[in-house]
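There are 2 protein chains.
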Amino acid sequence: MADYSAPLRDTLFNLNHVLKLGDRAGQPGFEALDADMIEPILTEAGKFASEVFAPLNASGDRQGCTRHDDGSVTVPDGFADAYRQMCEGGWTTLTAPETYGGQALPHAIGVAVEEFLSGANMSLAMYPGLTDGAIRALVARGSDEQKATYLARLTSGEWTGTMNLTEPHAGTDLGLLRTRAEPNGDGSYAVSGTKIFISCGEHDMASNIVHLVLARLPDAPKGSKGISMFIVPKFLPDENGESGERNRLSCGSIEEKMGIHGSCTCVMNYDGAKGWLIGGEHQGLAAMFIMMNAARLWVGLQGLGQAEVAYQNGASYALDRRQGRALTGPVEPGQSADLLVVHPDVRRLLMDARAKTEGLRALILWTGLLTDLSHHAATEEERTQADDLIQLLTPVVKAVGTDIGYDVSTQMQQVWGGHGYVAENGMEQFVRDARIAMIYEGANGIQAMDLVGRKLPMKGGRAIQSFFALVDGEIADAASDGAVREIAEALGKANGELKAAAMWLMQNAPENPDNAGSAAYAIMEILGLVAIGLMWLRMANAASAAIDAGEGDKSFMEAKLLCARHFAQSELPDAGALRRKLQAGAEVIMAMPAESFLRA
Amino acid sequence: MADYSAPLRDTLFNLNHVLKLGDRAGQPGFEALDADMIEPILTEAGKFASEVFAPLNASGDRQGCTRHDDGSVTVPDGFADAYRQMCEGGWTTLTAPETYGGQALPHAIGVAVEEFLSGANMSLAMYPGLTDGAIRALVARGSDEQKATYLARLTSGEWTGTMNLTEPHAGTDLGLLRTRAEPNGDGSYAVSGTKIFISCGEHDMASNIVHLVLARLPDAPKGSKGISMFIVPKFLPDENGESGERNRLSCGSIEEKMGIHGSCTCVMNYDGAKGWLIGGEHQGLAAMFIMMNAARLWVGLQGLGQAEVAYQNGASYALDRRQGRALTGPVEPGQSADLLVVHPDVRRLLMDARAKTEGLRALILWTGLLTDLSHHAATEEERTQADDLIQLLTPVVKAVGTDIGYDVSTQMQQVWGGHGYVAENGMEQFVRDARIAMIYEGANGIQAMDLVGRKLPMKGGRAIQSFFALVDGEIADAASDGAVREIAEALGKANGELKAAAMWLMQNAPENPDNAGSAAYAIMEILGLVAIGLMWLRMANAASAAIDAGEGDKSFMEAKLLCARHFAQSELPDAGALRRKLQAGAEVIMAMPAESFLRA
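Residue numbers (the working numbering), protein chains in the order written: chain A, -14 to 585; chain B, -14 to 585.
The following block holds chain A by itself, in its conformation from the complex (with noise of 0.2 Å):
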């Protein structure tokens, strides 16, 4: 049976000895922070995680959710209980702010805590997840009576959010969206159509569900810029702010998934439900952006928490199982044979996921600082720097995080053999529930394009060359020490084939854009090596320098610099790779006939 454990010391690692973030408590938008709380804050995270939500992981799985016959959904055993605890407990309102009865904690505190909760379990921790985009759309662009009407309540996870893009024809087209919404002439909308793919949409645990649903106006422009957002609740708030009459929407069906059963995916009609429009008429594409965005970061969490929990319980079990005896002899002659952790194939599957988990850790909360200080930091340039690295990091932490996820599931139970193949061992759902991720919230390929069609050329590809100097200063000032000096040149190389990719791009793209599609996907590859690269090498500074001082356990942060190098000799080395092919251009892949793709 798989288990769980918040990677708690590796995450207060990164948090202290990395990101120092202690050191910013009382400056603009660290005011709530005490820096005494961390490690408390995370020590009860990581228990309610293990102890309220792993306990659900499985048996949601087999249970996975149920709609009746009125359309109401209901979701696995234990899974309203638990949440009802997460709301109690105060874990859906650490970033919210202090406005709407949140905590107003850094993201950096507020992404660590949700890693442990959808690493101990991803369905359940879908449906706070969804609730919170909805919270950031509704702080960034709702009216003062929808935040008055919705906030508190979403914070406090008494009511949930949801996002309503996807429609049957549009996916990731949303221009080709059909859901309308006609004025009723009092303010509200009669919104009207069908919605698919929408998780969380319905269920019994919240007394109110608030959709965000994008549909078009009769006036609307064609395509994605005839878009509007709405607000569509489940039940119509009454005067005094309660749930009250039902609105026309209903929940047609639940699909049957390879995985995250316990999450509800489910087709929504709008049947001239009433709905408020959310910033200005065809400014929807917009709004869900933000959503989106934060939806992005989340997601490339998601890839984290399933790699984690996978990497921890193909750890255990290389260090139970035993099979066959090491290639130097026997290290444990007594014992029928020796454990799997001796030989170096295992070892190679551990270290690999290892090195990309504890990476994809480090760049997560990163981008949870940089969130911070993109909105509150104390200058203007701060403020756009920060933004800049997270808008540029936003595809790689979504693409490259949710590829890791499901690589290292693989991965780990690959390392159970035959017993990772057996449901009740726990290693297979991983793999099912970790492949979501690189589809939605737009799927991994889109990543790619919005990486090289927006970010890179954004401001004059600002965001770009602000991250290469940002490589190029951290290598030059990294400590000589041999395994940080390792990283550091390795990550130089890299850093080196993203910049030929980069330039290759500049020259190409224009006189052919389809050079810019099929080197795509190769460019987010080799920014997310450097990006997680540069985290190895923060890292390893910071775990030579604890050791040095004499701080933390030294056990540790020596499987830090082992991690680091083994990043360096067994991760860096396919930037290079990557650039070659994407050198070859579209070419060849353009070339062929579409009918040509058919068998017949």
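Read the hints as simulated data drawn from the structure, not as lab findings. Among these hints, one or two may not hold up.
Where chains are identical, the list cannot tell them apart; a pair therefore holds if satisfied intra-copy or between any two copies.
[Claimed, not checked] EDC-like cross-link-like pairs, simulated, lysine to aspartate or glutamate; straight-line CA separation at most 20 Å:
no.: 1; residue 1: Lys259; residue 2: Glu224
no.: 2; residue 1: Lys207; residue 2: Glu317
no.: 3; residue 1: Lys132; residue 2: Glu143
no.: 4; residue 1: Lys5; residue 2: Glu24
no.: 5; residue 1: Lys484; residue 2: Asp305
no.: 6; residue 1: Lys210; residue 2: Asp323
no.: 7; residue 1: Lys210; residue 2: Asp158
no.: 8; residue 1: Lys132; residue 2: Asp323
no.: 9; residue 1: Lys207; residue 2: Asp323
no.: 10; residue 1: Lys478; residue 2: Asp457
no.: 11; residue 1: Lys539; residue 2: Glu580
Use these hints to put chain B onto chain A, whose structure you have.
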């Protein structure tokens, strides 16, 4: 809903244009081959696979197998009838010796048909697939009486066969197995023990099930040198060779698994079951490897089957689903959106899938031919060379082939976006089914160890040296035509990386065997790239020659040349990165203290 059609054209291209199988008709080992029959046989086999096997794939997955309280197991609806049709159609007898009712056709044809069946319905194809392994072991090691009793009925499919190796504590490490066989005094043995993960161990499709069971004799040496193989039928054959008395064995339970739900995975309990020794005492491992090596090639073919069916459905979706516009401007302005296939990043996924899948098919069909040549070629030298190549390539086909199966299935699911995650569309089943092939018949890491530990050093490195010479020779002979030259040059570089990797291994493994272990997987992957690259060189040569001669479908041949170029541009560059990685050696991965792998 996913669909399947046999890749007939590509298979015939390989058999006719690349392997020129028809030219061998009448040669030793190809006496039963009539060149004019190749296309009709494969056409019929393809029809059978798509019309009889494929329609049961999704329903078999949903329904799964059922074990009843009496230990009997029911397969999914329709399986038994489809299997009966398979037997009646003679599809189980293609390559079996004529003495036992086989058709003695070349294995190159046999593996082609097996791919079709496995691609159409991997679970259902396992029942005859396992039987095939049992036949091979009996042909090679059975006594005349055993052959007379079992082979005709196994060949016809009236009885099916299984391999009983794994025990709860003994998976990869068969030396740990505990099942015992006590002499009954009448030449038979009483076999007692528990076996797990027994595919097709119990079912209702055949009148008898013939288990080949590894067990220990009372005086057996410890470890893998004390293992013997026994034939233990479910029903003891009576004096007429019919199924008689029930043997003392039963299915204790079946596993709930990630996939291949239509294939029952049984716990088999032997309780003094009557069995007969196959081969000599304590010679079980050698007998098992006869089954196992054939099974490993067949499992690689399962990877091919899933890659193919996933590719077909990915490609057909890309030519059906409309989202977004081409980067170079609308291709079909009259439509709401362009087809997915206009997008370079979608084409990248399709071209990757195509290049890997068709390259793997060529490799597997070649190993089919090599199997025939290893047994029947006119000269000892030819037989030996063919056998060397098969031994060298077996771990590559198994591991690289199944990695491709999983990777391509995953990427084709990605083409479908959210619709690929929904069960009813069928894409996610391909991923779940493909996953097991990386694990069973020796997990892929074990294949890598087999390659570096046995196959590379075998006979002083004779097999790999002869492979190097073969590749160099074919590169030297390659036509100077554009696409052919491009793949030849890229292959030459990759072969250089392989030589460098092999050299590094020779220089570094003797001093520290862990260097062999840490490098094993990467070396296997490089060998896979070179072997598949060689296939693309051959296919490009053949396609180029066909175009020059005006033979065959020109658009098909042109697509071959494009895929060859894509393989050269997008796959072969990985060889260099893999070589650089493995040269880091085992130091870092072995330096981590075992307990540092645990989160605490």
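Evaluation of the provided hints:
no., hint, verdict
1, Lys259 x Glu224, "within (16 Å within a copy, 81 Å between copies)"
2, Lys207 x Glu317, "between (71 Å within a copy, 17 Å between copies)"
3, Lys132 x Glu143, "within (15 Å within a copy, 72 Å between copies)"
4, Lys5 x Glu24, "within (13 Å within a copy, 70 Å between copies)"
5, Lys484 x Asp305, "neither (45 Å within a copy, 37 Å between copies)"
6, Lys210 x Asp323, "between (63 Å within a copy, 18 Å between copies)"
7, Lys210 x Asp158, "within (12 Å within a copy, 62 Å between copies)"
8, Lys132 x Asp323, "neither (61 Å within a copy, 40 Å between copies)"
9, Lys207 x Asp323, "between (66 Å within a copy, 16 Å between copies)"
10, Lys478 x Asp457, "within (11 Å within a copy, 32 Å between copies)"
11, Lys539 x Glu580, "between (60 Å within a copy, 13 Å between copies)"
Consistency with the previously given hints fails for numbers 5, 8, ordered from lowest to highest.
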